[in-house]
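Line order of the protein sequences matches chains A and B.
Numbering of the first sequence is given in the working numbering, commencing with residue 6 and proceeding in unit increments.
Numbering of the second sequence is given in the working numbering, commencing with residue 73 and proceeding in unit increments.
Since the hints were derived computationally from the structure, they do not count as laboratory data.
Please read these numbers as outputs of a predicted model, since none were measured by experiment.
Certain hints may be false.
[To be verified] Simulated DEER-style distance windows between Cβ atoms: (1) A:L125 to B:V307: 42 to 48 Å; (2) B:K144 to A:G138: 27 to 33 Å; (3) A:L115 to B:P141: 27 to 33 Å; (4) A:A339 to B:G272: 55 to 61 Å; (5) B:R181 to A:H99: 38 to 44 Å; (6) B:A309 to A:I118: 44 to 50 Å; (7) B:R195 to A:M340: 38 to 44 Å.
[To be verified] Some chain B residues judged to face chain A by a derived CB distance under 8 Å, without partners named: (8) R155; (9) Q158; (10) E165; (11) H177.
Glycine is no exception: its CB is placed at the ideal position from the N, C-alpha and C atoms.
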Amino acid sequence: MNELAAAVPWLGKRNPAAARWLILILAIAAPLIAWQFGRSWVRILDFALLYMMLALGLNLVVGFAGLLDLGYIAFYAVGAYTFAFLASPHFEVHLPFWLVLPLGAAFAALAGIMLGFPVLRLRGDYLAIVTLGFGEIVRIFMLNLNYPVNITNGPQGIGMIDPIVLFGWDLSQNLQITERFAINSLFLYYYAFLACVAGSILFIRRLQISRVGRAWAAMREDELAAKAIGINTRNLKLLAFALGATFGGVAGCLFGAFQGFVSPESFSLMESIAVLTMVVFGGMGNIAGAVIGAFVLALLPEILRHIAVPLQQAVFGHVLLDPEVLRMLLLSLAMILMMLLRPTGLIPARARYAHPENLHRSSQP
Amino acid sequence: MKTLLEARGIGKRFGGLQALADVSLTIREGEVYGLIGPNGAGKTTFFNVLTGAYTPDGGGFAFDGGELPTGKPHRVVARGIARTFQNIRLFRELTALENVMAGHHIRTRAGIWGILIQNRHTREEERETTERAYELLRYVGIERFADTVSRHLSYGDQRRLEIARALATEPRLLALDEPAAGMNATETGRLKALIEQIRGDGVTVLLIEHDVKLVMGLCDRVAVLDFGRKIAEDVPAVVQRDEAVIKAYLGGGKHAH
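Produce the complete structure using the sequences and hints provided.
Below is the structure:
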């Protein structure tokens, strides 16, 4: 939260308290603003929050522990499919949300450890290639495990997944307050996801300024020196993979329940790269970077889609460039510009690894 | 005096190169023990084997009345041996304070759950770690740079920070790999005072060093390695006059360079 507040332009440095309130108000008011442009925009915001969770989890692996993971979306898939298996007509199992969510997180963590073990000794490019392969293996499994025994229902995916039900309160139904006033389901999901993102930020922030966060940073900076001060790099790498995967798994569960449908095509390599782009775009290794990177890159394509078509029609009379083509074009352009102008990300704030309350004020920078 | 570390017949071979051959030595509690020898004599290899970075081909270590695990750096540190590196290896993007705090990792216990709920034990431990890190920075004389990113520190201060980080692991034996390399006379003098202070506080020091004046002025006993073998071990004054040692350093004999 403090890091996010500091990232607010102009106000962040001058009045952090005001900046904090501004973020809080914006976070709560965002769907109300989006609603003015149409309900699809609230839906886009919901997805932006899911991407934030993914970016936060991947940032933990890539940014904190320095382990490049190009198959991160596999954990999202594990979470989503776990939810689909245990709460849909596919197997005629309908377990409650509170049971499936931890199971999805646990399976994703297990998958993280499964990936972690074989790659313990790998670094850099080699690690990237193996994790990329892992992501594809999971996706291809989902695609092909429909024969001879139908487990995943193959490319058709699994539909009619149960919605999130909290204490008998179904988030997929509009909440009727009075006869004429109801809160749309998309809002309910928005605030549920917002709570999850806030919880994730809190947890990750606490991890960062703990002995574990420092050990990850040490490992990332110099593995040999980290070993020499007694850090068990094997356990800490596995922990990073497992915890990072947990966030992916939770986000996957939420995604499955929100969307009501999962299929392998949601978990392609491009998605892994998109999440990694969010982390790098925002600024690797800092929480605010992951949040803002995810927010900007989840919204940008949608905004483009809505602006590009009318704009082209107005200027040329017809659509010259498909929004999808334009999206890739502009995204690549944005990445190149970023690399040239801000190679350390949108918010290059140096992450802190000590609890600010414990620091002495006297020491000068 | 009590023996703290005993190396028995340590051997290490890299392909055709016998880096260490049957090296045995004993370090007593509370002394500064020097390990010298020409370049390539096997000093750093000995360090790497001792601290678990390499697994020896033969032999073993007894430390503080027990066998020392080989090839497991984190367990060696847990037993009370810390090291620094010949080429400084700090966590460059971390501040001086955070570097030292990271060094305290092995002496802290907080788990994921404790960190998540920030229970009292975790908060207490975190505060102690921070306080201890400030103390150690003061101890090596760079407290004013606590919030400076470590790669911005001067060379001499980086060396000091590395020592502070090693001390944060609460070692019984501190192994320093050429701490005076690249230092000028003033800096070396201050380093000497620091090492004496560390010894005075009850930490045994194992020192690899090229600066003969520093070794002779600081060490209680010295071992000399040449081509992976120990050719002498005694008080500095005796070693200095040892024929084999003079030959190893100046050349001649069967080891003509």
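### Query
Does the Cβ pair B:R181, A:H99 satisfy 38 to 44 Å?
Roughly 42 Å apart at Cβ, these two residues keep to the hinted range, so it holds.
### Query
Between B:A309 and A:I118, does the beta-carbon spacing fit 44 to 50 Å?
The hint (44 to 50 Å, Cβ to Cβ) is violated, given that B:A309 and A:I118 are roughly 58 Å apart.
### Query
Holds or violated: 27 to 33 Å for the Cβ distance of B:K144 and A:G138?
30 Å Cβ-Cβ, so the 27 to 33 Å window holds.
### Satisfaction of the hinted span 27 to 33 Å by the C-beta atoms belonging to A:L115 and B:P141
holds (30 Å)
#### Entry: Given hint B:E165 near chain A, where the shortest CB pair must fall under 8 Å
holds (6 Å)
### Query
Taking the beta carbons of A:A339 and B:G272, is their distance inside 55 to 61 Å?
holds (59 Å)
### Hint validity - B:Q158 Cβ closer than 8 Å to any chain A Cβ
Not OK, violated: B:Q158 not within 8 Å of chain A, min 12 Å.
### Query
In this structure, is the beta-carbon distance linking B:R195 and A:M340 contained in 38 to 44 Å?
Since the Cβ atoms of B:R195 and A:M340 sit about 41 Å apart, the hinted range of 38 to 44 Å holds.
### Status of the B:H177 interface restraint (C-beta, 8 Å, chain A)
Because about 5 Å separates B:H177 from the closest Cβ in chain A, which is inside the 8 Å limit, the hint holds.
### Query
When you take the CB atoms of A:L125 and B:V307, is the distance between them in 42 to 48 Å?
holds (46 Å)
### Message
Does B:R155 hold up as a contact with chain A if the rule is Cβ-Cβ below 8 Å?
### Response
holds (5 Å)
Hint compliance for this structure: hints 6 and 9 are not met, and every other hint is.
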